[in-house]
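**Student:** Spelled out from the first residue to the last, the chains are:
2 protein chains.
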Amino acid sequence: MLVPVEKPKSKREGLRRETLAIIVATAERIFADHGFKGATMQAIADGANLPKANLHYYFPTKQELYRQVVERIFNIWLDAAESFDTQANPEEALGTYIRKKMEISRSHPYGSKVWANEVIHGAPIIHDYLETTLTEWTDSRIEVIKRWEEEGLIDPVNPRHLLYMIWSTTQHYADFSHQIETLNSGVPFNDAQWAQATKCVTNIILKGIGVQRGDPS
Amino acid sequence: MLVPVEKPKSKREGLRRETLAIIVATAERIFADHGFKGATMQAIADGANLPKANLHYYFPTKQELYRQVVERIFNIWLDAAESFDTQANPEEALGTYIRKKMEISRSHPYGSKVWANEVIHGAPIIHDYLETTLTEWTDSRIEVIKRWEEEGLIDPVNPRHLLYMIWSTTQHYADFSHQIETLNSGVPFNDAQWAQATKCVTNIILKGIGVQRGDPS
DNA sequence: AATTCTTTTGACCAATTGGTCAGGTTGACG
DNA sequence: CGTCAACCTGACCAATTGGTCAAAAGAATT
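Quick mapping for you: the protein sequence lines, in order, are chains A and B. Per my numbering, the first sequence runs over residues 1 to 217. Per my numbering, the second sequence runs over residues 1 to 217.
Hints were generated in silico from the structure; no laboratory data involved. Careful, some of the hints might be misleading.
Identical copies look the same in the list; a pair holds intra-copy or inter-copy alike.
Here are the computed lysine to aspartate or glutamate pairs in the EDC-like style, where the Cα-Cα straight-line distance is at most 16 Å [stated by the list, open to error]:
| # | residue 1 | residue 2 |
| --- | --- | --- |
| 1 | K207 | D155 |
| 2 | K52 | E64 |
| 3 | K199 | D155 |
| 4 | K62 | D46 |
Given these sequences and hints, build the entire structure.
**Tutor:** This is the structure we're talking about:
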């Protein structure tokens, strides 16, 4: 899914990519902080140090820009599930998946927030994604989890709800970061706190579905 | 927290309360579906069958109306934690809390979404609530959980992350209902599915923190 | 019935904002 | 160099929208 970055063919090409990257990153932040309607093209342009008209040159409409932002985080998440295919046992596969999801919550909090917003509002822009890509992705992972259950590696559990639990707990640390920060004396998590959160989530979920741990420390 | 409903003193008083209730309920839905900026006073007025000017008579500003909606769901959640005080053992206390939170996700999906939106955007309107009421509420519940741990009733676990896990998993069923519905062949959960979701969440979390169950069925 | 207070409403306004456009600038390439 | 396409930008516009206001209608009280 992640396309390899190719070398720019010219000065123009390089500048163009750089500008696009700045725009998308800025837009992600503004959309996350203000929602689709609350974000203004002017604010995004200012954040990216561009005249608004120039922004419209790269992204003709606000919705176009928004869609790219949403698709970006979606693909990042899809890639994080690689461990489902490469790891045979649930402890490794789920543990790795949870850890990656937590890392993404830390590294891409804005994208996660934009996605949450989009889904909360009924996914008007990316509804097709839910029906196609996400449905297929989910179904295939459910099969893997079912197999673990049949092999007695995990307790009998509805795989769907297990996935929802992983999604919700990990994304919570991104989407509700302001609440968590407030309850953390107003300061963001440091390295140790992120590590503990990850460990805590992993431990409870894996133990909760009856996975035998090699090293649950 | 839940104020007892008093009898209206007159025809006026009764009508007024009814109108206010309709407005707040409508606003909750519109705010949930479109966000603060995306929701228009006109749309809320239409939904409540009122002229916009009349809506402004009851709620002078959009922010005023919004704040009431947010405070409403917040208080409902606070009340749901009663079991922390009335139930001595973690199985009953946490089980009841999770069950109530799931029931609220089903009965007040719009309120939950509005709250999620507000927090995602940095809680600009209700930041004081997070710093005061929520902080106190959380600290007091953390004390209860710590006591359980000292008594050996649950595994050693950071109480904060346990609370976050309960919040995120239960609210996920409200906030991400569109996604869940799409993955459920496009139809909302029925009674049985809600029951299974509740059981699944409860089982995994309680087992995950090492609670000895009386009847984990 | 008269008075007073609450409620209702259509018309209106100022500010915001997504998007356009004509004309200028700059890099690529023969 | 000259040409062309890509890129940049200030000025502008039409539509939306939160909020106002004055005047009318309705209830409560005397």
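**Student:** All hints are to be evaluated individually against the structure, with a verdict given for each.
**Tutor:** A quick look at each hint next to the structure:
no. : hint        : result
1   : K207 x D155 : both (10 Å within a copy, 11 Å between copies)
2   : K52 x E64   : within (15 Å within a copy, 32 Å between copies)
3   : K199 x D155 : between (20 Å within a copy, 14 Å between copies)
4   : K62 x D46   : within (15 Å within a copy, 27 Å between copies)
Consistency note: the structure conflicts with none of the earlier hints.
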